[in-house]
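K.L.:
Could you build all of it, start to finish, from the sequences and the hints given here?
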Amino acid sequence: MDMSQYLGVFLDEAREHLQNLNDKLMTLEQNAEDPELINSIFRSAHTLKGSSGQMGFQNMMELTHIMENVFDALRHQSIKVSSEMIDVLFEGLDHLEAMADTIEQNGSDVREVSGTIKKLQTLTTDGTPDNDAPSSDQKVTVSTVSEPVNTKAMELTDYEKEFISQAQSQKLHVFETVVNLNKDCVLKAARALMISNALEESGTIIGTRPSTEEIEKEAFDQQLVFLIATESENQEIQNKINQISEIENVTVSPINNLEENSPVVQRQQAQDIGPKKQAQKENEPSKPAAAHPAVTVAKTIRVNLDRIDQLLNLFEELIIDRGRLEKIASDIDNTDLKDTVGTIKRISNQLQETILNLRMEPIEQVFNRFPRMVRNLSKELNKKVNFVINGAETELDRTVIEELGDPLMHMIRNSMDHGIETPEVRKAKGKDPEGTLSLSAYYSGNHVIVEIVDDGAGINKEKVLAKAIEKNVVTKEAAQKLTDKDIYHLLFASGFSTADKISDISGRGVGLDVVESKIHSLSGSVEVDSERDKGSKFTVRLPLTLSIINALLVQCSKEIYAIPINSIAETALRRHIEVMSIHNRNVMQYHGQVVPIINLSDYLSITSAEKNNTNEVDQGSSVVMVNHGDKIVALVADKLLGYQDIVVKPLGNYLKNVSGFSGATILGDGKVALIIDCQAIITTQKKLFLKEQA
Amino acid sequence: MMTNQKETNMKVILFEINSESYGVPVEQVLSIEKVDDITRLPNAASFVKGVMNLRGLIVPIIDVRNRFQMGESVVTKESRIIVVDVEDMKVGLLVDSSKEVLDIESAKIEKAPEIIGGPSANYLNGVAQIGDNELLLLLNLDRVLNQDDVADLLKIEG
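Just so you know, the protein sequences line up as chains U and B, in that order. The opening residue of the first sequence carries number 1 in the UniProt record's numbering; numbering runs sequentially from there. The opening residue of the second sequence carries number 1 in the UniProt record's numbering; numbering runs sequentially from there.
If you're looking for bench data, these hints aren't it; they were derived computationally from the structure. Careful: at least some of the hints might be erroneous.
[As the list claims (entries may be wrong)] Dumping the calculated DMTMM-like pairs for lysine to aspartate or glutamate here, alpha-carbon to alpha-carbon at most 20 Å:
1. U:656 <-> B:87
2. U:656 <-> B:142
3. U:24 <-> U:13
As the structure is a computational prediction, the values presented were derived from the model and not from experiment.
P.N.:
This is the structure we're talking about:
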């Protein structure tokens, strides 16, 4: 049989099992005595061994087999969990993961693993049951499961009864087909699909036990029951199924006495089924899809990401045209047109949500690689750390997820290295020798917040400042004006590292500045808060999605710009605010804070010839308060044009050096409007401020 | 014979800047467009005229004349934008006019004589004679679009 069609399924499954092993091994170290845990580990390894063997990946199978021996020995408590053992097992897992990767790339699982195999073998050499023991042991448990074949005890639903009587009135045979899969059958779902396909060839499947959904999820042992209506005889069906490999046995038995249950139904049906199959065919589509396992298997489908991206691209085009349409409708002022445009807008909003949802994935995908990392680091650094993950189910756009791994890794490493102290130091400080590092994600409005909190030493402000001055990141004079948060934020400045000794974990001075630029490129922001000897908190704010955002369109002279709503704190009329002046700079009071006023016309270097006459316009113009973190500036624009969903388009490679804009969008009239990067405004403003102070 | 033919001939899109004829190989050209609304891009180099919506794609527009430091182009009815694709960068070149596609024999292409000098000399791949008294300047787009010198400029400004 050609196996290549199962390769994708195999790899997905293998990765799931590997992830499961990964997670469970982490827990095993703490709960060595939990039999359920060891069993789960054993099962994953066992399945993986079987499926890799079946797919012909010998190396993978052998390695898994040897690991399975270790798990089996643990299961029988002939050996005890030790930290060294977990290390070796992780080493094995790493090899398996690497194999899965190379299988995906070039179909080969060849890899040098003899060292690891030797180490694994020494784990089990003392007093382990020999290799055959597990399988014989398994045989016992399995055969008890497959024994009770309760052929006639199947309870039928009303729908099935109706269908059966309908079929019988058409002189079709109805069979209950009980299939027992081979006990070490792997890819049971695929096998079940093959069986149901074979049955579909000869008739119609009325129902299955377990349900198709459970079959898809492989939530069954060895037994599958199919109810089938067919013209064929039971022997034919039996033969057909027996041709499929890995099947223990098949029994096909007719069901014929439903009469006492549903004579009425039968009579009713007999009337409209009279003209034979035709009517049945017509009835079928209106039935719930459950009658067709072959169809329901497609309830979840794997879709190439390119197609979803393509869908999103098309949708973006639609949004642009929708904007155009809205503009036309407001110009023409026709009620029908307006209503229709309103409907289109509503539907496309729903469409947008649906499409964007397709791209959402749980942040777990990034998070679940960290427990291992933290464990390794804590060994390397001789620190005791309790690593806690919260909100792993929080969903984010997959583009963001893909890019998030590295920055988070840097920050966790940083917390492990610089934050959490060694147990001795912690004891001396009167803290629990075991430190806590938590990684959490949660929603906050249109954002997802990711927090990394440690209860370690906190950030030494003086040290950071001294270092920053030494490295010319800030001047001495400017340093005095900085708030605590500003100082903490200096950690993200490039070329900055406070670690006294350079370790290979962090402190190469390249970590955190990369973190900030990466997060910035995702339109996110990062903040640090810290308290001496209590710990520090890194907060990353990320937008839920990147491609379609709500923005305020503003006009300056004749040009139109978009300001993302995420950055906007408030808008006000220019004449309602009181402008003050400090050092020839316009500022205003905002919630007790003095914030600088920036004239967008100046910032965007709109030449004075294009500028309208200043004073008069000032009165009619508007102020947009934008914030980034806790920094706020006020932007003055000539006119606010209103909020609109816009599609963010990149400016492209050629303009990658141009700062101040996070992209562009196409307006209803086909013109391009630039999207103002508020973070950049605030950063330049801050730099300007520091420069002046200096 | 056929392959020979292909090797020795080169299709070139012909356009004019400042009454001089320039050419770029057709393979590098995506399309030729009329000048639509160009949105000014503050903070960009002076020869970046702005960005334009090209059927849903945002394309930067470069004023080639300005890039060659020969002053700023004036957009007229004849003006065209030649959209080129070089090393994954899609860029529109604003030129005074563009009329034809030409076949040029490779043999007729000569190295740009240093004597030409002038601002555009750095950006040429070669020169070919077309017609009786006319020279075609073949642009080296990699160099036209290279921004290393520009980045330096910006740094000084910024």
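K.L.:
Taking the hints in turn, state whether each one holds.
P.N.:
Comparing the hints with the structure gives:
1. The suggested pairing of residue 656 (chain U) with residue 87 (chain B) holds, with an alpha-carbon distance near 14 Å, which does not exceed 20 Å.
2. A threshold of 20 Å between alpha carbons decides the hint, and for residue 656 (chain U) with residue 142 (chain B) the separation of about 16 Å falls inside it, so the pair holds.
3. Between residue 24 (chain U) and residue 13 (chain U) the alpha-carbon distance is near 16 Å, which keeps this suggested pair within the 20 Å criterion.
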